[in-house]
Amino acid sequence: AQSVTQLDSQVPVFEEAPVELRCNYSSSVSVYLFWYVQYPNQGLQLLLKYLSGSTLVESINGFEAEFNKSQTSFHLRKPSVHISDTAEYFCAVSAWAGSYQLTFGKGTKLSVIP
Amino acid sequence: DGGITQSPKYLFRKEGQNVTLSCEQNLNHDAMYWYRQDPGQGLRLIYYSQIVNDFQKGDIAEGYSVSREKKESFPLTVTSAQKNPTAFYLCASQTTGNGYTFGSGTRLTVV
Chain P
107 AQSVTQLDSQ VPVFEEAPVE LRCNYSSSVS VYLFWYVQYP NQGLQLLLKY LSGSTLVESI
167 NGFEAEFNKS QTSFHLRKPS VHISDTAEYF CAVSAWAGSY QLTFGKGTKL SVIP
Chain H
26 DGGITQSPKY LFRKEGQNVT LSCEQNLNHD AMYWYRQDPG QGLRLIYYSQ IVNDFQKGDI
86 AEGYSVSREK KESFPLTVTS AQKNPTAFYL CASQTTGNGY TFGSGTRLTV V
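Chains as they are written, first to last, in our numbering: chain P, 107 to 220; chain H, 26 to 136.
Careful: at least some of the hints might be erroneous.
[What the hints assert, rightly or not] Calculated Cβ distances over 10 Å to all of chain P for the following chain H residues:
#1 Ser32
#2 Glu40
#3 Leu115
#4 Tyr125
#5 Thr126
[Said to hold, decoys possible] Per the computed footprint, the stretches of chain P lying under chain H, defined by three or more beta-carbons under 8 Å from a beta-carbon of chain H, are:
#6 143-149
#7 192-200
#8 208-215
Read the hints as simulated data drawn from the structure, not as lab findings. Beta carbons: idealized from backbone N, C-alpha and C, even for Gly.
Produce the complete structure using the sequences and hints provided.
Shown next as structure tokens:
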């Protein structure tokens, strides 16, 4: 079985500052990794994913995450945040165990301060 | 456009009532999932289904029931046995080896 730990439940950051949201996972087999974003009273939207290939993956709105197998991490970064990035972010891992069901972290609330 | 639709967006339930939350997808995904979300507790899996006419309990199935008679539909019934049903409910679907596509959620409140 796999597990996901999001190390920070809340992250406040000033507008235009950089941010890193941390995610560590555990699994005995190869994994797929995902970051989802949730705005208030909405469902989760896929932000970016690592399935294979390049360990650095990017989203269309400036976020990036790097798969680090040795440290079992998939941290999410953005060099300069905007007010509109205020949301909750969920890291998730998937590995073959009869299905590719996702295991989610408990989420990190990012608050961007003007 | 393909997607996953949850209805209604808001639902109010009286004590002792059963209510059914709808989830429909036109993505041709085999797997479908129901999650419950409470503040500070992340996502908790209620039920999931990998194929039509088959489903399995998740971590918090007590007080809930589901059916999967069609590939496109996976309704969730919150029964009167669920003692604390007030929460945000999310439905998701998945194609093999990929991430989930989520619906926009249903907020259920007991009145």
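Results of checking the hints against the structure:
Interface exclusion of Ser32(H) from chain P stands, the closest Cβ pair being 13 Å apart, more than 10 Å. Its beta-carbon lying about 24 Å from the closest one in chain P, Glu40(H) satisfies the requirement of being farther than 10 Å from that chain. With a least beta-carbon separation of about 6 Å from chain P, Leu115(H) fails to lie farther than 10 Å from that chain, contradicting its non-interface assignment. Distance to chain P contradicts Tyr125(H) as a non-interface residue, since its nearest Cβ pair spans about 6 Å, not more than 10 Å.
Thr126(H), annotated as away from the interface, has a beta carbon of chain P within 10 Å; the closest lies near 8 Å. Counting residues of the segment 143-149 of chain P whose beta carbon lies closer than 8 Å to any beta carbon of chain H gives 3, which reaches the threshold of three, so the coverage claim holds. Residues of the segment 192-200 of chain P with a Cβ under 8 Å from some Cβ of chain H number 3, which satisfies the need for three, so the listed coverage holds. Coverage of the segment 208-215 of chain P by chain H holds [criterion: at least 3 residues with CB-CB distance below 8 Å; count 5].
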